[in-house]
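Q: Chains A and B, in that order, give the protein sequences.
First residue of the first sequence? That's 695 in the working numbering, and the numbers climb one at a time after it.
First residue of the second sequence? That's 22 in the working numbering, and the numbers climb one at a time after it.
For the record, the hints were derived by calculation from the structure and aren't laboratory data.
Treat the numbers as computed from the prediction; the structure is a model and nothing was measured.
One thing to keep in mind: the hints can contain errors.
Simulated restraints, written as ranges between beta carbons of each label pair [unchecked claim]: (1) B/424 <-> A/835: 38 to 44 Å; (2) B/175 <-> A/858: 41 to 47 Å; (3) A/759 <-> B/480: 54 to 60 Å; (4) B/268 <-> A/839: 37 to 43 Å; (5) B/172 <-> A/828: 47 to 53 Å; (6) A/839 <-> B/64: 47 to 53 Å; (7) A/853 <-> B/371: 55 to 61 Å; (8) B/424 <-> A/858: 45 to 51 Å; (9) A/855 <-> B/306: 48 to 54 Å; (10) A/828 <-> B/479: 20 to 26 Å; (11) B/306 <-> A/835: 25 to 31 Å; (12) B/137 <-> A/848: 51 to 57 Å.
Virtual Cβ for every residue (Gly too), placed ideally from N, Cα, C.
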Amino acid sequence: MTMVDDFKFLEKNGFKLLPYALARSEDEAIKHAKKIGYPLVMKVVSPEITHKTDVGGVIVGIKNKAALSAAYNEIMENAKGKKVGGILVQKKARKGIELIIGGKKDVQFGYTVVLGLGGIYVEVFRDISARICPVGKSDVKEMVMELKSHPILLGMRGKKAIHMKSLEKLVLNVCKFMQKHDIAELDLNPVVFNERGCDIIDVRFKRSK
Amino acid sequence: MREQVKNLKYIFRPKSVAIIGASGTPTKVGAVVLKNLIEGNFGGDIYPINPKYEELVGKKCYPSVLAVKKRIDCAIIATPAKFVPKILEQCGKKKIKGVVVLSGGFSEVGNTELENKLKKTADKYKMAVIGPNCLGILNPYHRVDSIFLPMYKLKRPRPGGISFVTQSGATGTCVVDLAAQFGVGVSKFISYGNGTVINEIDLLEFLEKDRKTEEILLYLEGTKDGKKLLETMKRVNRKKPIVVLKAGKGERAAQAAFSHTGNLAGNYLSYEAAFRQSKVVVADSLDELFEFVKIFNQALPKGNRIGVVTNGGGLGVLTTDVIENKKLALAEFSKETTKELKKILPPYANAENPLDVIADAGSELYKKSLDILKRSPEVDILAVIVLFQAPAIDERILNILVNLSDEKKKPVVVIAVGGEYTEGHRKILEGYGVPTYSSPSDAIKAVKKLVDYAHFTRKTR
Numbered sequence: 695m696t697m698v699d700d701f702k703f704l705e706k707n708g709f710k711l712l713p714y715a716l717a718r719s720e721d722e723a724i725k726h727a728k729k730i731g732y733p734l735v736m737k738v739v740s741p742e743i744t745h746k747t748d749v750g751g752v753i754v755g756i757k758n759k760a761a762l763s764a765a766y767n768e769i770m771e772n773a774k775g776k777k778v779g780g781i782l783v784q785k786k787a788r789k790g791i792e793l794i795i796g797g798k799k800d801v802q803f804g805y806t807v808v809l810g811l812g813g814i815y816v817e818v819f820r821d822i823s824a825r826i827c828p829v830g831k832s833d834v835k836e837m838v839m840e841l842k843s844h845p846i847l848l849g850m851r852g853k854k855a856i857h858m859k860s861l862e863k864l865v866l867n868v869c870k871f872m873q874k875h876d877i878a879e880l881d882l883n884p885v886v887f888n889e890r891g892c893d894i895i896d897v898r899f900k901r902s903k
Numbered sequence: 022m023r024e025q026v027k028n029l030k031y032i033f034r035p036k037s038v039a040i041i042g043a044s045g046t047p048t049k050v051g052a053v054v055l056k057n058l059i060e061g062n063f064g065g066d067i068y069p070i071n072p073k074y075e076e077l078v079g080k081k082c083y084p085s086v087l088a089v090k091k092r093i094d095c096a097i098i099a100t101p102a103k104f105v106p107k108i109l110e111q112c113g114k115k116k117i118k119g120v121v122v123l124s125g126g127f128s129e130v131g132n133t134e135l136e137n138k139l140k141k142t143a144d145k146y147k148m149a150v151i152g153p154n155c156l157g158i159l160n161p162y163h164r165v166d167s168i169f170l171p172m173y174k175l176k177r178p179r180p181g182g183i184s185f186v187t188q189s190g191a192t193g194t195c196v197v198d199l200a201a202q203f204g205v206g207v208s209k210f211i212s213y214g215n216g217t218v219i220n221e222i223d224l225l226e227f228l229e230k231d232r233k234t235e236e237i238l239l240y241l242e243g244t245k246d247g248k249k250l251l252e253t254m255k256r257v258n259r260k261k262p263i264v265v266l267k268a269g270k271g272e273r274a275a276q277a278a279f280s281h282t283g284n285l286a287g288n289y290l291s292y293e294a295a296f297r298q299s300k301v302v303v304a305d306s307l308d309e310l311f312e313f314v315k316i317f318n319q320a321l322p323k324g325n326r327i328g329v330v331t332n333g334g335g336l337g338v339l340t341t342d343v344i345e346n347k348k349l350a351l352a353e354f355s356k357e358t359t360k361e362l363k364k365i366l367p368p369y370a371n372a373e374n375p376l377d378v379i380a381d382a383g384s385e386l387y388k389k390s391l392d393i394l395k396r397s398p399e400v401d402i403l404a405v406i407v408l409f410q411a412p413a414i415d416e417r418i419l420n421i422l423v424n425l426s427d428e429k430k431k432p433v434v435v436i437a438v439g440g441e442y443t444e445g446h447r448k449i450l451e452g453y454g455v456p457t458y459s460s461p462s463d464a465i466k467a468v469k470k471l472v473d474y475a476h477f478t479r480k481t482r
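Excised from the complex, chain B in its bound form (with noise of 0.2 Å):
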């Protein structure tokens, strides 16, 4: 790993952070940014910076980094684009090993030659640079924060397992709080804008050996390597599973191309090659990629056999259409399954698979069938559908599905179709981490995403 990508950690775990252009003025992304820090409960030091200021929110504010006295493991600069090269030539003498640049005005609006310069810098004092023209960070473990949204007006994550590596600033936004909405834990946010000094190769190769990281979410719109980019995804999803969602994928090759082969092939066939190639998880949408990701935190399937649960046979039916669809199996009962179901079933329930409870079975009977079907060697995937609305079925049903899918034996899958109340439940089971679905074809569309990726691994370890 270069010494740069190494110094990505004191952007993420910094004992102290400066805020270069702080500023008093409410709207201004510098007042944001230093807002945030401090309401966010960072636990280390944080140093305003602008020469415009004495103090800000009781803080003194230095004139430059090169007036503070004690060490400063990370900046984030938020000065219009002009001063940035200047800024982090100070940095670099500050001897800051960490940067985050939220500044546009760089290459994006034809300003290569600034953003050249920014370049140069970084690599002569060897500093990590996220950006220009980004979000910058977020790592919820460490309270750090660099992104200049106000927390009222978008919700931070909660501390979790999936790092999400972004290109752009606004889909990041979406993300970051539809990530806080479903209750999707985060390890690592990173909008890197430009890509000028770390890229999403640099990130990928850092988050592989990233502890906290389990899973990896990347939303691409070009690479500048893709040689590299297809070696480094083929290394790090064979660890942790990337899912990766492409923007910009009507590109066409020109319609005046030499050959068959030039007008068939647009730009977006070698990005779907290289994804096919390193197996990574595809995302057509962003809808897609909150539906694959969550389903990632559970234990691999040995098998592509599904045993269903319902008490709705309505739903189960649907189910068992998407698992034939997808080419994957519905569990066959063993005889000592069977034998085992039909002990706990009233008298007028049937032992098949998918397993239909009846409308009136509590969430007692729920638990005893998971019982049986997580220890039947024949079904490889659990999925739950509990149609919520049924009088019989109350509180309890969550705490079976969260120990269930907190065993980490077999992946669980809840499948909850309804309105505001069952929307209440599916909430509160993602918020534990459990893969909740509103419909059977998103649920069993992700199971297919983890049988295959669990397909490959097996493949190649």
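Here chain A stands alone, though its shape is the one from the complex (with noise of 0.2 Å):
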């Protein structure tokens, strides 16, 4: 599957993502990008290419239409040689706090519901609380409580709080997904959320053999 069927089959079931499309030229790059609205996020489509970033094709904070098309042939230049199935064109997230929430299957538990501080720090912070599904508000709650960072979460410094009532529809979510898919693992990473709602930037996952 493609990161596209990916997007599509995570938006058939019910997770809402950044406004997207993909673009096979720069001729509908340039549409869709008129469609979309900037700021932009472009990002390589291939089957060939798992760390996208690694290899130059993610550019983000495309802010007109020069930036997209230099953007465009830039990320096509990177991925020369490899099979590309075209470039996503994506609203680039609103500011706010990245956070991972994530799903595995355990052996001996089933299914189980991750959340954590997001970013490019989350292996090391390790910041983060699990349940086992299916969990209701009140355990989402709970799990926000359990990180370390939780005072960023509930604001500070004149910050807002992030907005809660996403957050557990999004972890809700989560375990009914992959209860109706039998899901093996499961990543939206990041999520960035604020105080208006959240967004989901990029997502990954891969169904129980």
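Please dock the two separately framed chains into a single complex, following the hints provided.
A: Rendered as structure tokens:
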């Protein structure tokens, strides 16, 4: 499955993703951009590339048509020699706190849902909390409080608390999704949260065999 | 409850016990178990079984359980593994409902087939079987004891309200020994080994209904049915606190996991999640297991406000530090409490929390202060620091603390820091069920667990 198929599958299952479209040419990219609106992010779609950032397959903060054209060509150049299915044009996420929400099927306990502080230091801090599915809203509240970084999520130094209802909905939906489709592993990472809601930037999942 | 689980009562409260593989060689398991049952004053009939002997320690020895005319409630098997299925079949025919298989040499060494045979026979006759590969059980109330370790090497604890469920025999041994040492009262001890017929979930269900069990200690290495364990822990913990220690936390997820989540979520994370969801009390070490377990014989606090009484200022400050660190509260004495305290305190002492009754305070001043604080509605928990080293403190303080703890109105913890002399007093207090700690941090950590548990039960009741 390609990234676009994954995105579509998640949307069908009640996950709201940032507006996106697949462009197979520069012209198509420009058309999509007009519809979605700037600023944008572009990502290469290729079955042969797992770490898109490492090969220069992701360009962020595209503010206008000129930048869009340049980014399109740059990504195509960087992906030369690889099978490319197109370039994903996606609305840039709002500013906020990056969280990771994931799931894993455990041998003993079945589907588990994990919430953690996201971003590039996720493996360093391992600030995570987990629950066995199914979970309720009170579980999500407890998961938040178990994070060392919970004061950041609850708002500090003049920043407002994140939109808790969106988080609850997302965590509950992860459980539902995993159970329905027998998912072995799932990442919504990162998901950017602010006081108004959340934007899911990237997803990755694998069904059980 | 499954019939097999119900039949555990024949193991814990048998009127008669057969020891299969009883022996005259003192170092053999079958010899130690027989000796322990006799010397432990087991009240029922004892039948040694071994075709090689006519008589053992003055008791008639039978070639098999089938040769015994009278009814047998419980059999303890201590023979080589290969004979176990056949012996179990005989137990079934003899209508023995409870069996403890001490023998090792089953699935733990790859001999799964033999273990399957054991299970089949147990299921066929609806026998409750503990083990194989275990230490078995101990019920101090009924003086039944299958632990095959000599009494002079391993002390047995007094009867009490704590039941201990352990997968590991080695850990079980240490816990039994320490429980005896610390004066912790035990209701049932069960080392369930491979858990082939009766596993930790069955035991939790049994102990849930067991009248003598007020609190459960669970030492876990793994489980075969996480979902059921979670469900059972959730239900039982609401009625009786479960303190759990999980071994094997280091087990990390494979680094080649597909996702970040896969990478982050090692095996222990799921257990941790299940513990959090069921609100059981999690201990991170054997030390903590004991530190936590002993506080749960106290009344549950109504809040998190601690009143501290001390005869040493510094320890009061140290205790306050931990209270703050653990997000508990130092009680603010009301005007009334302060007024009452001023009446009894010497003029140079301050009626503040921590209440420093000053080094030359005798036991009597402790009593008066505690009498006031135990009635003060703004104090939920009493933490009593006693410097036994102070010259004015005498034995009377022990009585005061034991009585206060026995009232079971507000939880009491005692903090006594010091060497040999203090240690002696700590032990006496613990023997009477007063949770006593050798440092402020150990004490307050345990208080925190009690407060959290109380908070949870208040929400669910």
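Q: Hints first: check each against the structure and report whether it holds.
A: Now the hints, each set against the structure:
1. B/424 <-> A/835: 38 to 44 Å: Taking Cβ atoms as reference, residue 424 of chain B and residue 835 of chain A lie about 42 Å apart, which means the hint holds.
2. B/175 <-> A/858: 41 to 47 Å: At 53 Å between Cβs, range violated.
3. A/759 <-> B/480: 54 to 60 Å: Roughly 57 Å apart at Cβ, these two residues keep to the hinted range, so it holds.
4. B/268 <-> A/839: 37 to 43 Å: violated, 27 Å
5. B/172 <-> A/828: 47 to 53 Å: Holds - the Cβ-Cβ distance for residue 172 of chain B and residue 828 of chain A, about 49 Å, lies within 47 to 53 Å.
6. A/839 <-> B/64: 47 to 53 Å: Since the Cβ atoms of residue 839 of chain A and residue 64 of chain B sit about 52 Å apart, the hinted range of 47 to 53 Å holds.
7. A/853 <-> B/371: 55 to 61 Å: violated, 42 Å
8. B/424 <-> A/858: 45 to 51 Å: holds, 48 Å
9. A/855 <-> B/306: 48 to 54 Å: Taking Cβ atoms as reference, residue 855 of chain A and residue 306 of chain B lie about 36 Å apart, which means the hint is violated.
10. A/828 <-> B/479: 20 to 26 Å: holds, 25 Å
11. B/306 <-> A/835: 25 to 31 Å: holds, 29 Å
12. B/137 <-> A/848: 51 to 57 Å: With Cβ atoms ~53 Å apart, the hint holds.
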